[in-house]
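J.: These protein sequences, in sequence, are chains A and B. So for the first sequence, our numbering puts the first residue at 305; every next one is plus one. So for the second sequence, our numbering puts the first residue at 9; every next one is plus one.
One should not assume that every hint holds.
Said to hold, decoys possible - Using 25 angstroms as the maximum straight-line C-alpha spacing, the simulated DSS-like pairs for lysine-lysine come out as follows: (1) K425/A - K452/A; (2) K328/A - K370/A; (3) K43/B - K292/B; (4) K492/A - K370/A; (5) K492/A - K199/B; (6) K199/B - K452/A.
Hints in this document: simulated from the structure, not taken from any laboratory.
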Amino acid sequence: MAYDLEFEKPLAELDKKIAALQRKGDRLKPDEQLQLQETERELQQRTEEIYKNLSSWQTVLVARHKDRPYAADYINLVFDDFFELHGDRMFADDHAIMAGLASLDGKTVMLVCHQKGRDTKEKIFRNSGMPHPEGYRKAHRLMQHAEKFGLPIITLIDTAGASITLGDEERGQSTAIAENLYLMARLKTPIIAVIIGEGGSGGALAISIANRILMFEHTVYCVAAPEAAASILYRDTAFAPQAAESMRISAKELRAIHIVDELIPEPLGGAHKNHKQSAANLKTTLLKHLAELNGLSQEVLLEQRYQRFRNIGVFDHVAVEV
Amino acid sequence: MVKEAAVPSTGQNMSMNGSKPNVPGNLAVKCPKCKEILYGRDWEKNLKVCTRCGFHFKLTAHERIELLVDPASFVETNADIISADPLTFSVRSQSYPGKAREERQKTGLNEGVVTGHATIESKPLAFAIMDFNFIGGSMSSAVGEKITRAIELGIEQHIPVLIASTSGGARMQEGIYSLMQMAKTAAALAKLREVQCPYFSLLTDPTTGGVTASFAMLGDVILAEPGALVCFAGPRVIEGFMHVKLPEGTGSAEFVYQHGMIDAVVHRKDLRQTLNRLLGFYTKQGKTSETRGEEHGV
Chain A
305 MAYDLEFEKP
315 LAELDKKIAA
325 LQRKGDRLKP
335 DEQLQLQETE
345 RELQQRTEEI
355 YKNLSSWQTV
365 LVARHKDRPY
375 AADYINLVFD
385 DFFELHGDRM
395 FADDHAIMAG
405 LASLDGKTVM
415 LVCHQKGRDT
425 KEKIFRNSGM
435 PHPEGYRKAH
445 RLMQHAEKFG
455 LPIITLIDTA
465 GASITLGDEE
475 RGQSTAIAEN
485 LYLMARLKTP
495 IIAVIIGEGG
505 SGGALAISIA
515 NRILMFEHTV
525 YCVAAPEAAA
535 SILYRDTAFA
545 PQAAESMRIS
555 AKELRAIHIV
565 DELIPEPLGG
575 AHKNHKQSAA
585 NLKTTLLKHL
595 AELNGLSQEV
605 LLEQRYQRFR
615 NIGVFDHVAV
625 EV
Chain B
9 MVKEAAVPST
19 GQNMSMNGSK
29 PNVPGNLAVK
39 CPKCKEILYG
49 RDWEKNLKVC
59 TRCGFHFKLT
69 AHERIELLVD
79 PASFVETNAD
89 IISADPLTFS
99 VRSQSYPGKA
109 REERQKTGLN
119 EGVVTGHATI
129 ESKPLAFAIM
139 DFNFIGGSMS
149 SAVGEKITRA
159 IELGIEQHIP
169 VLIASTSGGA
179 RMQEGIYSLM
189 QMAKTAAALA
199 KLREVQCPYF
209 SLLTDPTTGG
219 VTASFAMLGD
229 VILAEPGALV
239 CFAGPRVIEG
249 FMHVKLPEGT
259 GSAEFVYQHG
269 MIDAVVHRKD
279 LRQTLNRLLG
289 FYTKQGKTSE
299 TRGEEHGV
């Protein structure tokens, strides 16, 4: 598979060299055979090196990679069955949020996901994974549905953020997001949120109030997209890489400050290099956390989720004269 | 540290002006909406509302407290909480702690929200009043913590909660910590819901972004001041995104009222009385707070 990101240039060159040698097939001379092995080893080594040390901005590029597995790919690869449920029962069915009943290792769960869309046609259909209020209201409805039937909720997060058009304001984007935070905080069923690509701002948070927050190794979770943060802080979106670094948005950095519970390993060179392996890693991690959460009483489950968010924040005290 | 900390006060005078177009000393101010030159003293007597067109100027947190609650009933809580610098953040050459220090000096506040408890016509309530002058009322860990504690005060004492919002949204300098304050405050409100204490949300100019998409829009009753900008994304952001020109008034208090997102638009002069009436409805329920508490195992 191609290495098409800017920082992957050295890898792309090695890859090209390998491909050229491989094309010779049986006509390879013994020293070329050796060279091929050597180059393959080098590619592996360099890839490991580069991916171990990705900067925040480089992580953004990997998280947004066009070949990265999307929610629909994981649904196919991880779950035995999936029946999509549609509509918010008020206004419309939003296609940026894909949700429904799924079977994970024979057990029913409620899945709520962002779906970005791979080709232009699907991107338009799915608004590139940026939900309208009706998407959040569909999620709201189905999460209540999950509580009613005691189904654990799994959310797969992958959005640049909530949609921001005039229609979104008219139909109450803020209200829709706020209502989801409010609901999820006290929902009497286990919730696991997994960031599979981009965790963009309130649009991601709105389906992420969970007992466990998991992130794939090369993903990001941020208060505002780096471009938006750059335009606020530097008045120039060209500073997005700087904004990304200073906000510390990569999975690795967020794990270090305990915002995230566990990182899900990605295949060498990123999840897009091997969808099957990524899906297998996701499945193993989901099953482990589900088993842990299923062992908790409802009271402990609720309190654990509450405290998880209650305790986030760093502040100081000053002496105050009264 | 002590020196740079702002001293909480109960009765600041009304001379601190939150909006720009004013003449030194507030002898006269110019209304940014109708361009009328207003005589400073009339304007202040009119609660900083334009006497000609009704434009509501911004109020500081302390001005709003003075406007809303019984004199001398206000007790400030958690005034000692200030921002830390969890990400060691700086933009160009300015560090975040440096910026915060400047803001503390400029506003006389320790953070962008003043919290505490007070009474309105002798009816007690816990409250959090945001102040736009402090880094645009942006959401920091400190702001989120103070608001959460104000809600917890309502839960513990079983009293209603009032939050007056004004915010440009997230504080970029605190990254993910800022975003998570949306979750923290909403979760605290979900706990308040379980003890059946009313939460009144007052939206003032401007209430946008993450604050709108969390506690601001979760009020049992949501009120807004006339003309206040109330939106998720500001009109200019939407125009840039959609490449269209939006009609006048998009994202105003009246706009969200028309679309069914809030309960009422209330003129500043009527706010105190409106809150008093609302508080009255919830104390005349026939059940005492104690029996309500027992029923729900609180």
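J.: Sort out whether K452/A lies within 25 angstroms of K425/A, counting only the CA atoms.
T.: Violated, because 36 angstroms separates the two Cα atoms, which is more than 25 angstroms.
J.: Just to be careful, I want the Cα atoms of K199/B and K452/A compared with a cutoff of 25 angstroms; is the pair within it?
T.: Holds, at roughly 20 angstroms.
J.: What's the verdict on K492/A and K199/B, does the C-alpha distance respect the 25 angstroms limit or exceed it?
T.: holds, 13 angstroms
J.: Decide if the proposed pair is consistent with the structure: K43/B and K292/B, CA atoms, cutoff 25 angstroms inclusive.
T.: violated, 45 angstroms
J.: Is K328/A close enough to K370/A, meaning Cα to Cα at most 25 angstroms?
T.: violated, 31 angstroms
J.: Taken at face value, is the distance from the CA of K370/A to the CA of K492/A at most 25 angstroms?
T.: violated, 36 angstroms
In summary, the numbered hints that this structure violates are 1, 2, 3 and 4.
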